[in-house]
Every structure is written in structure tokens, then in C-alpha cells.
Amino acid sequence: MCGLPAAAAIGGMIMSVGGALYSGHQQKKLADRNASIDMLNAKRARARGELEQDRLRVRKVLARGEENVARAGSGIQASGSPLWQFAFNAEQRELDSQIQEYNTEMEALGYVNRANTSRYEGGVAQTASIFKAGQAAFSGYTKGKELGVFG
Amino acid sequence: MAKLPTYVSQGQISKQEIGGRISPSVGGVVGNSVSSFGKMIADWGLAQKKAEEELAVLNAVTQAQDKFNQLGVTLDSNTIKTSEVPAIFEKGAQKINTEEGANLSSPYAKREFAQKYSQLKVRHGAAARTAARKRFINEGVYSVQNGVANDINRSGTIDKRTNPDGYKLIQEGIILKFQKAWQAGFYSKKDAGKALRNALSDTDEGQARMMIRTDPEKAVLEITKKNFPHLNNLAFERIAKLAQGASEAAKNDRLRKEDKDEAKREKVLKRNQETTTAKIAFSMMDQASGEDMSGDEPPSNSAILEMVSKREITGDQAKELRNLRENLAEAKTDDLEFLKLLDNIDEIADMPLSQQEDAIEVAEKRMRALMAGGSLEINDAKTVRSVIKSIRDKSYKSSPKVVAQKWLKAALGGTDAEISIPGFNEDPLDKMRRTNALKAYHDRVFNGNEKPWEVAKDIWSDAVNITNLKLSGFLRPKYGPIKAMDEYTVEDIDQSRLELLRKYASSLDPNYRGEKITKQNLRSQMENLTGMMSVIMLKARQARQTLGPQPSTGPGANNSNSSNNSGTGANNVPGRVGAAIGG
Chain A
1 MCGLPAAAAI
11 GGMIMSVGGA
21 LYSGHQQKKL
31 ADRNASIDML
41 NAKRARARGE
51 LEQDRLRVRK
61 VLARGEENVA
71 RAGSGIQASG
81 SPLWQFAFNA
91 EQRELDSQIQ
101 EYNTEMEALG
111 YVNRANTSRY
121 EGGVAQTASI
131 FKAGQAAFSG
141 YTKGKELGVF
151 G
Chain B
1 MAKLPTYVSQ
11 GQISKQEIGG
21 RISPSVGGVV
31 GNSVSSFGKM
41 IADWGLAQKK
51 AEEELAVLNA
61 VTQAQDKFNQ
71 LGVTLDSNTI
81 KTSEVPAIFE
91 KGAQKINTEE
101 GANLSSPYAK
111 REFAQKYSQL
121 KVRHGAAART
131 AARKRFINEG
141 VYSVQNGVAN
151 DINRSGTIDK
161 RTNPDGYKLI
171 QEGIILKFQK
181 AWQAGFYSKK
191 DAGKALRNAL
201 SDTDEGQARM
211 MIRTDPEKAV
221 LEITKKNFPH
231 LNNLAFERIA
241 KLAQGASEAA
251 KNDRLRKEDK
261 DEAKREKVLK
271 RNQETTTAKI
281 AFSMMDQASG
291 EDMSGDEPPS
301 NSAILEMVSK
311 REITGDQAKE
321 LRNLRENLAE
331 AKTDDLEFLK
341 LLDNIDEIAD
351 MPLSQQEDAI
361 EVAEKRMRAL
371 MAGGSLEIND
381 AKTVRSVIKS
391 IRDKSYKSSP
401 KVVAQKWLKA
411 ALGGTDAEIS
421 IPGFNEDPLD
431 KMRRTNALKA
441 YHDRVFNGNE
451 KPWEVAKDIW
461 SDAVNITNLK
471 LSGFLRPKYG
481 PIKAMDEYTV
491 EDIDQSRLEL
501 LRKYASSLDP
511 NYRGEKITKQ
521 NLRSQMENLT
531 GMMSVIMLKA
541 RQARQTLGPQ
551 PSTGPGANNS
561 NSSNNSGTGA
571 NNVPGRVGAA
581 IGG
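So the protein lines, in turn, are chains A and B. Quick note on the numbering used here: the first sequence kicks off at 1 and runs consecutively. Quick note on the numbering used here: the second sequence kicks off at 1 and runs consecutively.
In silico EDC-like links for lysine to aspartate or glutamate, alpha-carbon gap of 20 Å or less:
(1) B:K15 <-> A:D96
(2) B:K15 <-> A:E105
(3) A:K143 <-> B:D43
(4) B:K15 <-> A:E52
(5) B:K39 <-> A:E146
(6) B:K160 <-> B:E172
(7) B:K15 <-> A:E50
(8) B:K180 <-> B:D151
(9) B:K50 <-> A:E146
(10) B:K15 <-> A:D54
(11) B:K406 <-> B:E527
Label-pair restraints from in silico Cβ distances:
(12) A:E50 <-> B:V29: 33 to 43 Å
(13) B:Q16 <-> A:A128: 30 to 40 Å
(14) B:T74 <-> A:T142: 36 to 46 Å
(15) A:V124 <-> B:T98: 48 to 58 Å
(16) A:V124 <-> B:Q94: 48 to 58 Å
(17) A:E101 <-> B:V8: 15 to 25 Å
(18) A:L4 <-> B:N78: 46 to 56 Å
(19) B:L55 <-> A:A128: 34 to 44 Å
(20) A:T142 <-> B:K81: 48 to 58 Å
(21) B:Q16 <-> A:E105: 11 to 21 Å
(22) B:K91 <-> A:L4: 39 to 49 Å
(23) A:T142 <-> B:L55: 19 to 29 Å
(24) A:R64 <-> B:V29: 56 to 66 Å
No lab work stands behind these hints, which were simulated from the structure alone. Positions of the beta carbon are idealized from the N, C-alpha and C atoms, including for glycine.
Please model the complete structure; the sequences and the hints are all you need to start from.
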């Protein structure tokens, strides 16, 4: 009953099931690792965005100072067209700031999304491996049962 | 106004993302490999297990097949009723299933076995039922055929000419049997009809055969008149041919038997006629010799004629008897014929007993013929009868009369027919002298009752004196000395004999390459030499007697009592002569 063929069938089935589970587990583990990396990338992108905002803020301040200096030196009143010019410049500077913020956020979101994808992939791989293991177990069991491997 | 430089950060923040991502599939490589390996092992194990199970199934199926075969054989037995076969088969099949399926554990094996078992069961079940059905039909057919065969045999014991109802009853019984057999399904309608026709034909054939056996000639008529209506064409032809042959054979047998009976009757009649004739002839002879025949006289000539009309004797025999009666008194013996007759009778003594009586009958007939022809006197006829009587009572060979007669004949140069010397032509005068001498011997011994050896010696002495034999009449001895034949001596003859025997002994050697000497050749040469020796001795005797009586060399001279003739004749024969005769 429990001869070499039966032992091989049972052992092989266990190996197959274990291998499948181990495969899923490892894939999930790698996916989680990839997700962690992507989250770090997202964080880093956001940090870079903040640095760029800081630099833009400095540039805005400098630009406004230069404008003030220029207005003062020229005696241009901050009304009428010059005012409009100042407003326009300020608006442009704000737009750059927002664009930069937007870009970094978008970059961070890209990483976050990829991290999520990796996690999802890991979960899927693990789930698939469970099913694969289940399939191997079921197949092995039914065939083994059919042939009387399990007594 | 001086303008202070303003420094704004120029550094670029790196956009390089953090690397080190690894595809998740890489992580599954080991596991997948392990899984695949495990699957391979499992598949191998399962395949092995499946092979084991298939082998077990095969064994079980084989065993089941074997048991089904045994079951089939068991069921195909005359001890099992065909109606019980399905139930017994079902029981046996269940037992096979239980026994052979019990060793199978896996569902796969059980299912496979169940499938094969079902096929086996269906196949063997059908075969068993078919066999049972066939057996049922065979038994039925056998029963019918057996019954019909008995009926046919029984019909052969009934003669329908004397018991038509019994015969008809048997035929009706046969018809009924086939009807029932057809209704029971043992025969198709066509086959039943055919078998019935054949059976009825067989009954008629048996009837016809019986008639052929008992009365073949009448059977032919009955068959020709078609009084056996059930005979089929083949049987009719066969029986007609058989009847024809039997009829002809019976007719031939009858005729042959009649012929045989007739021949037998003729033979008996002939023998009776012969006996009657002999009896009358002897009666006449006795009467003629003066015996008292009162009350037993021989029949007269008229009575003999009457006997002819009654076929008690033939016409020729009557004539012979008449001649005998007429010639008895006047008869004169023909010496040559008489001695020839005695010679013939002498040979009878050497014949086997079974042949002697027939030979005696011939001799007696010859004697009667001589008497009827007037060539044999009554006294000589009595001599012949006396000799015949001594042959019949077995005293002939040892009789001194016969021994002395033989010695005399040999001493006078006579030989038996069977040892006659080829090429030797005896002088007719010598033959006549010997005949006369023997005739004289018979007169004196058989009729005159003188002593045989005295008579033989007297006659021999007289005959020798007149003998004139010549050695040149003989063949030259092959191994004798080269000299004139008349000069041969006793020593020459002895030498020739010795050399001849030596040559013959040499020729018996398988390696001998010289001239062959056959037994016959040896015998003839030895006889030739013996004859020569006899002549030489006779001549020597004659020479001695010419010179005067020589008591020491004559016949009987060495016997002090020469008158003693009481049967020791051989002692009276001169030594050298006796040797010559014996040689």
C-alpha cells in the first residue's frame, strides 16, 4: 500500500503544494519590497517638490524685490499698467510654483500608484499560488485517492 | 548705488528614482521549480501506482476469465439440467466477482475490474446459455434419434408380411417422435421432415434386408414391385443392387451345393463300387484257390449285372470281374509285371502312413487288372495279398522274407528306382536273369514256404555263375586312377571314394574357389562307385567259384549254421558284398 510509488506521489504532491505556496509567498514578498521602494520614491518626489517650492518662493521674493526696486528707481507708480505688469509677473510666478508643485505631486502619485500596483501584484501572486497549491493538492489527492495511494 | 549680488540656488535636485525593484516573478522561480519537481515525482508515483493497479486488475480479470471458463465447462455437463444453467451461472459469476474483486483496493482498480467483469459475465453468460440451449437440443435430438434407432432396429425384427400392424405401429411411432421433436424445437420443420423420411426409409431398408437375408430371390420381386414405399432413391438403388447380388449368390450357392453333394455322393458311390468290386474279386480268388465259401459265394454273372443296374458297381468293374472269373484258372503270370507290382508294393512300406492306404488300393486294383487280363496266377496274387497284409500290419519291413529278397535283388545288380545310376544301361539279359531269380525266390518263399535266406543264397549262387557284368558299362570315376575301367580293383574304388569325399569336404569351405561338388553330384558318383564295387566283388566271387568251392568266401560261409534263416539274414551276407550294397 505505502510503497515507493505511493510515497513518491504523496511526497511529490506535498512538494508541489509547498512549492506553489512558497512561490506565491516569495512573489508577494518581492512585490511588497517593490512597493516600499516606490513609496520611498514618492516621498522623495514630494520632498524634492517642497525643495523646489522653497526655491521658487525665494525666486518670487527676489523677483518682487527687483520689481520694487525697479519701480522705485523709475518712479513708476504701482497703478495702471505697471500695476497690471506687477500683477501679471506675480501671477506667472505663482503659476510656476503651482506647476512645479503639480509635477512633483504627479511624480509622487506615480510612485504611490506603482507601489500599490506592486502590492496588488504580490497579493495576486500569493492568491494565485494558493490556488495553484490547492490545485496541486486537489489533483494529487484525487488521483492518489483514485489509485489508493492513501490507503 | 552698488548692487549686491543675490545668489539663488542653482543646484538641481536629482530626479533619479530609487532602484532595486525586482520582478515578483523572480521570487516564484524557486517555488515553481520545487512545485514542478514535486509534481513530476507525484506524477511518476501515480503512474507507477496506476501500473500496479492495472496489473492487479489484469490478474483479477485473467483469474475471472479462467473461472468463467471453468464455470462454462461445469455448466456444459449432462449432470446439470439445462433449465438450471442461468441460476447456477449467476451464482458462480457472483462468486467470481467476490473472490477476484476482493483483492482490489483502489477505486480505479475496482472500477476497471467491474467493467471487464461485466463484459466477461455478459460474454460467458451468453456462451453458457447458448451451450445449454445447444445441449438441450442435442439431448433432445439424441433422445429422438436413439428412440428412432431403436424403432428402426425393432422394425428389422418384425416381418411385415406376417405382422403388418406391428410394423405400421412402429412407423407411426417414428412419425410421432419427429412431430414432437419439431414442436419442442429440436428440429426445424424442414429438418424434421427430412429426418423422418430417412428414418422411414431405414425401416423399409431394414425390412428389405431381412427379406434379402431370409429369401433373397423373393426379395428381388418384392423390391421390384415397390412394396417398400418409404425407400428413398439411393436406398432403393442400394437395396435393389444388394437383393440382385444376394439372389444371384443364393442361386449360385444352391447350385454349387447341389454339385458338391452330387460329387460327394459320386465319390462315395465310386469308393463303394471299388470296395464291392475288390470284395467280389477276392471272394472269387478265394473260391478259385479252393477255400470253403459256403454261404459267402461270389455273385454270379447275372447277379453282377444286376449290381450294375443298381449302380453297386460299374459296367467296367463288372467286365473286370467277369474276365477275372474266366481267366483265373488259365492265368499265366507275367514275371516282369508281377515283379514290378511287388516293387511298387515294396515302396509303399516306405511311404507315410496317410498315403499308404491309397497306394495299396492302387496296387490291389493293378493286381486285379493283371488277374483279369490273365497275367497273374492265383498263387502269385496270394503272394501279393500276403505282402500287402504284412504292410498293413507293419511287419513287412522286418520280415526275413523281405530283407532276404532285398539282399538278393541288390546282390544281383538291381537298384531301387530312386538310386538308379544315371547313364548305366543294364544288359537286358542280366535284367531277365534277375527277374527270373526273384520270381523263383517268390515261388519258393511266399508260396513254397521255404526259408528265405536259404533260398536267397541258393538263387544268388546260381545267378552269380552266369553273371557277365562289365565295369566299362559304368561312368569313369572322376577322381579315380587313370587306367582301363575293367582293370579297376577294390583298392582303386576305395581310393576314388576317399578322394571324392575329400574334394567334397574341401568344396564346403566358403573360401574354396575350385570346382563345386553338389550333394546330388556326390551321391550319384558314390552310387556309381558302389555299383562298380558290386561288380568287382561279383567277379571275384565268380572267379573263386570257377576255381572250386571256397567255403571261406561264399555267402553264408562265415556262418557256421547256414541253415539258420530265422530272420538274421544280414549276418549271412558276405562282408564285402554287404558293404557294397550298403554303400
